[in-house]
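Chains R and E supply the protein sequences, listed in that same order. So the numbering used here is basically just the index in the first sequence, starting at one, shifted up by 619. So the numbering used here is basically just the index in the second sequence, starting at one, shifted up by 73.
The hints are simulated quantities; they were obtained by calculation from the structure and are not laboratory data. Take these hints with a grain of salt, some might be off.
Unchecked claim - Below, computed lysine-lysine pairings styled on DSBU-like, alpha-carbon distance capped at 30 angstroms:
1) K180(E) <-> K204(E)
2) K550(E) <-> K537(E)
3) K501(E) <-> K347(E)
4) K729(R) <-> K347(E)
5) K561(E) <-> K501(E)
6) K204(E) <-> K702(R)
7) K729(R) <-> K544(E)
8) K725(R) <-> K292(E)
9) K725(R) <-> K90(E)
10) K568(E) <-> K594(E)
11) K106(E) <-> K725(R)
12) K594(E) <-> K729(R)
13) K550(E) <-> K729(R)
14) K303(E) <-> K594(E)
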Amino acid sequence: MTDRKIRVMVAKPGLDGHDRGARILARCFRDAGFEVIYTGCHQTPEQIVAAAIQEDVDLVGLSCLSGAHRALFPRVVELLREKDAADITVIGGGIIPEQDFDALYKAGIKAIFTPGAALDSIVEWIRTNIKPRA
Amino acid sequence: MYFTKETQEASLRLTEKWDKDVQKAVQETADQKVRYSTVSDLEIKRLYTPEDIKDTNFTEDISVPGEYPYLRGNQATGYRGRYWTFRMFSGMGSAQDTNERWHMLLKQGQTGLSTAFDYPTLMGYDSDSPKSLGEVGKCGVAIDTLEDFLALMKDIPIDQVTTSMTINPPATILFAMYCAAADIKGVPLNKIGGTIQNDLLKEFIAQKTFMCPPEPSVKLISDTVEFGTKYVPRWNTISISGYHIREAGSTAIQELAFTLRDGIEYVEDVVRRKGMNVDDFAPRLSFFFNSHIDFFEEICKMRAARRMWAKIIKERFGAKNPRSWWLRFHTQTAGCSLTAQQPYNNVVRTTTEALAAILGGTQSLHTNSLDEVLCLPSEHAVEIALRTQQILAEETGVANTIDPLAGSYFIESLTNEIEEKAWEYIHKIDEMGGMIAAIEKGFPQMEIAEAAYRFQRQLDAGEKIMVGVNKYATDAKHTIPLVDIDEKVGEEQIKRLQDVRRRRDNRATGQSLNDIKNACKKGENVMPHCIAAVKNLATLQEICDVYREVYGEYRDPGLY
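Extracted from the complex, chain R is given alone in its bound form:
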């Protein structure tokens, strides 16, 4: 099973429609050789978690630019735990002020990427930290 590709879900929680970053990342992950699922905009945390489990992904990347990350990102991690899917890693990005980082890390978000992060640095982080689950 070692040649299984990393499966990534790029997800847009909440009502935010700023999807430029999410769509660029989805393309970038595909080009990097990952298997990509993109949810589209306006997903509730419940929908994202259900899809992540059904699609058996290794990683969920959340993108939010509206300021609702404080409520929505931790909710996704919480729901994954409730559904016994805490082995799915969650990372996030968007307009996230640095003052919010600690609370998000404590809530279980493993990495946060903000504007200016190079695409390759995100791909690199995933290759280093995510191993496809058997």
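Chain R is already provided as a structure; the job is to place chain E on it using the hints.
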């Protein structure tokens, strides 16, 4: 443009000599880049000469301001009669918080208001909907009922100040609230002026703030056009927007082409569905463009836009009234050009972009605040942004003369090139059967995704530069004070909303919601019923739920 035979020959001869000089010079000092292109990746030549505009006809293509095809501006007097409207987009927290910010801006010399709503309001949900979790008051002001709206407009002289509202799926409702507020303040509807964005096609293409499918969405827009034309003649019922298309990563040409093609779609629908004459409503159509960081490209895009719309509305739709031929537009500087790193540099970017908008002949302008890439703008940052416009208007002299770059070999040639390439897109979408058909195929969405990805790759490769991000980056922390919306704003808003639901006459509310539903089913104009419903304190979501029930909901196809 006409050049004498002598000039043309001299130009060719001298250009040839110049070219040889260049070939020699680059042997010694190579160009810094292999290829020079705009931020939209449009290739730019080292030099432009009379040769580049020899086919441009002065009378037909350039002319003078106030004359068809309006390349040089709609107004014969330019900015001498009045400047563009200084219109800063703002909205935050509760209606009261936003009202306070508005009074501060008017006191500082702002000349028009512009409203940012929070996501629940933009998407047609009430503040206490589970969908609104974490979003209330965050990206703008929360409006659930007419009471919130009246608090927003408190002590605003709506017979004197015009208000723009960036609202799309619930545009009928906010327009209705504005009309209801005028009634309550005792101002006749023909005295109020303002704009609702009300451009749903660009939502499917780019901004993703949609609710119902494209076809009924366009129907609701035509309702507002019909109602506005009859009863609120100073209202701009659609602001056909390229801004969001550009922010989503499009090129300047795509922004121009998709926006004008959206405009065509709306005009066709009003003419077909409402049987209205194009000259009855075309003068109230307005546009909204982005002013990005590539200075000349933006100026040329705006000039081309005026000339193209004049041709479209005159030739394609047969409009006879010269006012119908005008493309009037608001401009916002490019949020996506700003950087979180070294945020004070953003003032310089915004100034450059604002200057381009002025040289492009904008009628109205929002200048971004330096902190907008991080949070909602602070009062101090907004003031600098507003002062930027005032300095450009009052000190620099750039508004003294009209369209000062006209006649430049480069400017006219680039304007022509942008126009030509935008027509190609418009013809392509015509062939697909129009913009709704193109959206259903995912065409504009994928063209934009392609352009956005290409730019990001160019940035990562260092072919395009953002100072402080991929060049001249430092580890130094530039901390600026960030505006934070207290979570309590949401709690208090929910309390206010639930209090209204308890107090109101629920039978009257229910009846007026029923009237809207019937109007939707019969294909009648919903506007009069919306005004009655908001007066009966129906909530924004209650009305939107009627639309969702009758028309269905659109889901993001998630193209990338």
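Outcome of the hint check:
1. K180(E) <-> K204(E): Violated, at about 37 angstroms.
2. K550(E) <-> K537(E): holds, 24 angstroms
3. K501(E) <-> K347(E): holds, 27 angstroms
4. K729(R) <-> K347(E): violated, 55 angstroms
5. K561(E) <-> K501(E): violated, 50 angstroms
6. K204(E) <-> K702(R): holds, 21 angstroms
7. K729(R) <-> K544(E): Answer holds: K729(R) to K544(E) is near 28 angstroms, not above 30 angstroms.
8. K725(R) <-> K292(E): violated, 48 angstroms
9. K725(R) <-> K90(E): violated, 68 angstroms
10. K568(E) <-> K594(E): Violated - the C-alpha atoms of K594(E) and K568(E) are around 34 angstroms apart, more than 30 angstroms.
11. K106(E) <-> K725(R): Since the Cα atoms of K106(E) and K725(R) sit roughly 46 angstroms apart, the hinted pair is violated (cutoff 30 angstroms).
12. K594(E) <-> K729(R): Violated, because 50 angstroms separates the two Cα atoms, which is more than 30 angstroms.
13. K550(E) <-> K729(R): holds, 23 angstroms
14. K303(E) <-> K594(E): holds, 22 angstroms
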